[in-house]
Amino acid sequence: MNERELAGLSEIARRLRIHIIRMISQAASGHPGGSLSAVEILTCLYFREMRIDPADPARADRDRFVLSKGHAAPVLYAALAERGFIPASQLDTLRQASSSLQGHPHRLDTPGVDASTGSLGQGLSMAVGMAFGLRLRPAASPSRVFALIGDGESQEGQIWEAAMTAGFHRLANLCVFLDANDLQIDGRVSAIKDIAPIGEKWQAFRWRVHEIDGHDLRQISSSVAAFRRETEMPTLVIARTVKGKGVSFMEDNVNFHGQAPNARETETALQELGDGR
Amino acid sequence: MAVESLRGAYGQTLLRLGRENPDLVVLDADLAKSTQTQVFAKEYAGRFIDMGLSEQDMVSTAAGIALTGKTVFASSFCAFLMGRVFDQVRQSVCYNQANVKLVGTHAGLGVGEDGATHQALEDVALARTLPGLTVIVPADAVETASAVEFAAATPGPFFIRLTRNNLTTFFGAEHRFVPGRAPVLRDGTDITLVAMGAMVEKAMQAAELLAADRVAAAVINFSSLKPLDGDTLLRYARQTGRVLTVEDHSVRGGLGGACAEFLAQHAPVPMTLMGMDDQFGRSGKPEDLYVHFKLSASDIAAAARRLLSRP
Numbered sequence: 388m389n390e391r392e393l394a395g396l397s398e399i400a401r402r403l404r405i406h407i408i409r410m411i412s413q414a415a416s417g418h419p420g421g422s423l424s425a426v427e428i429l430t431c432l433y434f435r436e437m438r439i440d441p442a443d444p445a446r447a448d449r450d451r452f453v454l455s456k457g458h459a460a461p462v463l464y465a466a467l468a469e470r471g472f473i474p475a476s477q478l479d480t481l482r483q484a485s486s487s488l489q490g491h492p493h494r495l496d497t498p499g500v501d502a503s504t505g506s507l508g509q510g511l512s513m514a515v516g517m518a519f520g521l522r523l524r525p526a527a528s529p530s531r532v533f534a535l536i537g538d539g540e541s542q543e544g545q546i547w548e549a550a551m552t553a554g555f556h557r558l559a560n561l562c563v564f565l566d567a568n569d570l571q572i573d574g575r576v577s578a579i580k581d582i583a584p585i586g587e588k589w590q591a592f593r594w595r596v597h598e599i600d601g602h603d604l605r606q607i608s609s610s611v612a613a614f615r616r617e618t619e620m621p622t623l624v625i626a627r628t629v630k631g632k633g634v635s636f637m638e639d640n641v642n643f644h645g646q647a648p649n650a651r652e653t654e655t656a657l658q659e660l661g662d663g664r
Numbered sequence: 011m012a013v014e015s016l017r018g019a020y021g022q023t024l025l026r027l028g029r030e031n032p033d034l035v036v037l038d039a040d041l042a043k044s045t046q047t048q049v050f051a052k053e054y055a056g057r058f059i060d061m062g063l064s065e066q067d068m069v070s071t072a073a074g075i076a077l078t079g080k081t082v083f084a085s086s087f088c089a090f091l092m093g094r095v096f097d098q099v100r101q102s103v104c105y106n107q108a109n110v111k112l113v114g115t116h117a118g119l120g121v122g123e124d125g126a127t128h129q130a131l132e133d134v135a136l137a138r139t140l141p142g143l144t145v146i147v148p149a150d151a152v153e154t155a156s157a158v159e160f161a162a163a164t165p166g167p168f169f170i171r172l173t174r175n176n177l178t179t180f181f182g183a184e185h186r187f188v189p190g191r192a193p194v195l196r197d198g199t200d201i202t203l204v205a206m207g208a209m210v211e212k213a214m215q216a217a218e219l220l221a222a223d224r225v226a227a228a229v230i231n232f233s234s235l236k237p238l239d240g241d242t243l244l245r246y247a248r249q250t251g252r253v254l255t256v257e258d259h260s261v262r263g264g265l266g267g268a269c270a271e272f273l274a275q276h277a278p279v280p281m282t283l284m285g286m287d288d289q290f291g292r293s294g295k296p297e298d299l300y301v302h303f304k305l306s307a308s309d310i311a312a313a314a315r316r317l318l319s320r321p
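Keeping their order, the protein sequence lines are chains S and F.
Be aware that the first sequence starts at 388, since it is given in this note's numbering, and climbs by one per residue.
Be aware that the second sequence starts at 11, since it is given in this note's numbering, and climbs by one per residue.
Derived from the structure by calculation, the hints contain no laboratory data.
A portion of the hints provided could be inaccurate.
As the list claims (entries may be wrong) - Restricting the straight-line Cα-Cα distance to at most 20 Å, the calculated cross-link-like pairs of lysine to any residue (SDA-like) are: (1) F:Lys52 / S:His556; (2) S:Lys588 / F:Ser64; (3) F:Lys304 / F:Ser293; (4) F:Lys52 / S:Pro584; (5) F:Lys236 / F:Arg262; (6) F:Lys295 / F:Pro278; (7) F:Lys304 / F:Gln215; (8) F:Lys236 / F:Gln215; (9) F:Lys295 / F:Glu218.
To be verified - Using C-beta positions, here's what the derived DEER-type ranges look like: (10) F:Pro165 / S:Gly471: 27 to 37 Å; (11) F:Arg248 / S:Pro474: 46 to 56 Å; (12) F:Asn31 / S:Asp443: 39 to 49 Å; (13) S:Gln483 / F:Gln249: 46 to 56 Å; (14) S:Pro529 / F:Arg186: 53 to 63 Å; (15) F:Thr139 / S:Ala484: 20 to 30 Å; (16) F:Asn31 / S:Ser609: 53 to 63 Å; (17) S:Pro584 / F:Gly62: 21 to 31 Å; (18) F:Arg315 / S:Phe555: 36 to 46 Å; (19) S:Leu495 / F:Arg191: 22 to 32 Å; (20) S:Asp600 / F:Thr139: 44 to 54 Å.
Each residue gets a CB set at the ideal place from its N, CA and C atoms; glycine is no exception.
Taking the hints into account, I'd like the entire structure generated from these sequences.
Here it is in structure tokens:
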């Protein structure tokens, strides 16, 4: 990734953050912390790595993305808007009764959403199913499946059922990002029910594991490049992130897991993000 | 009349459908020998996945496979497939409108000796609450084959509830399952017996016992729980004025609940709901359990007489 591309993607990431703050503020509810921590991951996937087509969101040979941590819907909607799947003007309708943007992603409502998610753990199994389904085609599809799970979500038993399935069946067309921000609703993941040592766990389940800085676009892109070369096993990328990344008072602050900023906080956040620049 | 295996009919139908449809995929959770998906597995190993003992993972995985354009059957015992996995059925399958056919076997007390933990008595009640889920409880092997065929040909989520035990075959080979149509197995004017699954043959036997007392009982096989056949229910409620439901399942939210919900709104008549009521099953031979829990043919006939004597 050259400097110019890096600058371009960084600018997109900044815009996604502004969308996230604006739409959650407008909705007066939602999950800013875990949306902001995943901004670079979605930026890299939607604007560099995934083969997708806004003009034909359901085309059979597309890459899939499953937001298993469905409460981070705002970052997905922001990416879909910037990428041209939905009009950016829709973002202001988040969570309203007449909106096509529900609190958690619903594939039947929003173009570009591959799976409806919300109850934690299920999205990973669905991504595993997609990887299976694509491999089962008479002529195996070149499409790949990407998924994003949370570290709090990793306390769900279904995550480990799915991990065992994908590892055992060598689903090398599946790449899962773990948004490791170390916060869940009730506090630090490491204090509530520590998931460490996390890399060793996934390796033991027969996954290729990479560990990166989840806000470094180059590292994210390199991990996807390594995944593309993979033929033997599924890939798990431990993306070390900061919850609330990019907004000073939200960073590493558990209170902004599922709380919208008030008017003054919104103004400060948008200023910090250079809104209007 | 012949007595045949519903599970066997399921396996054979999968085998036939697998031949016709290369996009048919079957999943099981370490019960392929019991559910009879093994018949498909032997012939089409590349399109069969044994998920091991991971029912929740199996159902969400089935949804994911379906979202790539496949028709996916997923099987386990009803106790696990609907009870343990309810949230996955709700969100991964139904909310996503995934083309997944959940076929549960070993329903109700008919499980027998394995006892309460394996005797699903709530699965129909759970399934009926889920938007977009078609719920079918076949009464015999012919209806099972037809229902499975219909599910495979119809996009969207299905739940089909099968018994462990062989049941009397009522239908000829030409019979076709039609959603929202409840086959009337016996006409009658005095009372209507509405039954599902293993209780259909008991209701038919009860109707014979009642006939000896000159009571003309109609028997409806209510295999299509959702959509429900309101027309037939209404016609027979009006024709006989008394409705008795009987199911190897909880009366709360199951067949009895479904019929009562409908009739209370459209044609209130005196009813008796036979089945399990706020209780678990237990170990025993199926026939002994039906006697123990007062679900034998003579219990049904006795309950029908009591219902007829009510003012």
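> Which hints from the list above does the structure break, by number from lowest to highest?
Replying inline: 4, 6, 8, 9, 12, 14, 16, 18
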